[in-house]
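Engineer: Let the hints inform the model, and build the full structure from the sequences given.
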Amino acid sequence: MAAEPVPIDDPADPRIASFVSIRERDLTGRDGLFIAEGTVVLRMLGGVSTRKNGFAAEAILLLENRLAGIADVLASFPETVPVYVASAAVFDAIAGFNMHRGVLALGRKPPPERGAALLGRLPETSLVLAGCGLSNHDNVGAIFRNAAAFGADAVFLDETSCDPLYRKAIRVSVGSVLSVPFSRGSGAEVMLAGLAEAGFEIWGLSPRGAVPVAEIPAARRIALVLGTEGEGLPESILSSFHTARIPQRPGLDSLNVATASGIALYQIALAMGRVA
Numbered sequence: 001m002a003a004e005p006v007p008i009d010d011p012a013d014p015r016i017a018s019f020v021s022i023r024e025r026d027l028t029g030r031d032g033l034f035i036a037e038g039t040v041v042l043r044m045l046g047g048v049s050t051r052k053n054g055f056a057a058e059a060i061l062l063l064e065n066r067l068a069g070i071a072d073v074l075a076s077f078p079e080t081v082p083v084y085v086a087s088a089a090v091f092d093a094i095a096g097f098n099m100h101r102g103v104l105a106l107g108r109k110p111p112p113e114r115g116a117a118l119l120g121r122l123p124e125t126s127l128v129l130a131g132c133g134l135s136n137h138d139n140v141g142a143i144f145r146n147a148a149a150f151g152a153d154a155v156f157l158d159e160t161s162c163d164p165l166y167r168k169a170i171r172v173s174v175g176s177v178l179s180v181p182f183s184r185g186s187g188a189e190v191m192l193a194g195l196a197e198a199g200f201e202i203w204g205l206s207p208r209g210a211v212p213v214a215e216i217p218a219a220r221r222i223a224l225v226l227g228t229e230g231e232g233l234p235e236s237i238l239s240s241f242h243t244a245r246i247p248q249r250p251g252l253d254s255l256n257v258a259t260a261s262g263i264a265l266y267q268i269a270l271a272m273g274r275v276a
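Under the UniProt record's numbering, think of the first position of the sequence shown as 1, with each following residue one higher.
Hints are computed from structural coordinates only; laboratory data are not their basis.
Here the structure is a predicted model, which means the values were calculated and not measured.
Mixed in with the good hints, there may be bad ones.
Unchecked claim - Distance windows between CB atoms, simulated: (1) Ala75 - Pro7: 14 to 24 Å; (2) Ala89 - Gln248: 19 to 29 Å; (3) Asp138 - Ala88: 24 to 34 Å.
Think of the CB as a built atom: it goes at the ideal place given N, C-alpha and C, for glycine as much as any other residue.
Structural biologist: The structure is reproduced here in structure tokens:
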């Protein structure tokens with residue numbers, strides 16, 4: 001059961017200091033904390049906090065007229081998580097811009113999980129995504145949403161990919177970043193070598209891929225590798241592993257990486273019996 005709501009009348013109230021100037025904090029970092037935005041993401045945070053998978057809510061800030069409508073969501077949080085409410089004027093002054101959704105939560109990240117640790121707890125039959133140089137937060141969020149939709153077991157991101165716990169990435173993922181296991185921080189070559197050593201058949205997605213994604217043969221463990229928007233995967237990766245393409249009409253260079261991940265995941269998940 002959530003705590004009794006506490007009214008906030010002053011944007012400078014120290015109790016909500018972590019919610020101040022959200023966009024600026026997005027750029028400077030939050031020292032192990034993150035912002036969850038919107039009702040759907042708040043619901044997901046409440047669920048993962050209950051399952052104790054490492055994420056934990058620190059505080060909730062709501063527009064006062066949103067309180068009654070999300071009572072069931074708030075009920076999934078323990079009483080130790082404070083719930084603050086504010087008028088629209090105060091809420092926007094705290095956030096630093098017009099927050100029409102009116103639902104924010106401050107969460108604490110679990111300790112970062114390195115690739116080897118995550119690999120060690122994947123099931124024998126696994127489907128994972130690996131991202132190299134994914135710098136767009138919208139794309140990363142959408143990739144996690146696709147991973148959840150098609151039953152991927154994990155997402156591995158190299159050290160040049162952006163943080164999936166950035167506010168916008170979490171929002172675009174509709175909270176899937178909080179439920180799909182992920183690892184971030186290794187170099188691309190080290191990350192892919194670890195997957196190969198763990199028995200994964202590695203397939204790099206590229207418009208120049210050797211076979212259509214529908215012809216990727218079934219395997220016990222498959223890793224689909226995604227490259228940065230525009231440049232795609234470097235030649236060193238394409239020449240080291242299997243490659244696949246998504247057939248499309250001529251005249252367009254390539255698909256958006258998030259769209260490509262959804263199409264490829266669907267094909268592989270279908271072949272592995274993960275979707276009907």
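Engineer: Between Ala75 and Pro7, does the beta-carbon spacing fit 14 to 24 Å?
Structural biologist: The hint (14 to 24 Å, Cβ to Cβ) holds, given that Ala75 and Pro7 are roughly 20 Å apart.
Engineer: Okay, Ala89 versus Gln248 on CB: inside 19 to 29 Å?
Structural biologist: 49 Å Cβ-Cβ, so the 19 to 29 Å window is violated.
Engineer: Is the distance from the Cβ of Asp138 to the Cβ of Ala88 consistent with 24 to 34 Å?
Structural biologist: Distance hint for Asp138, Ala88 holds at roughly 27 Å.
In this structure, only the earlier hint numbered 2 is contradicted, and the remaining ones agree with it.
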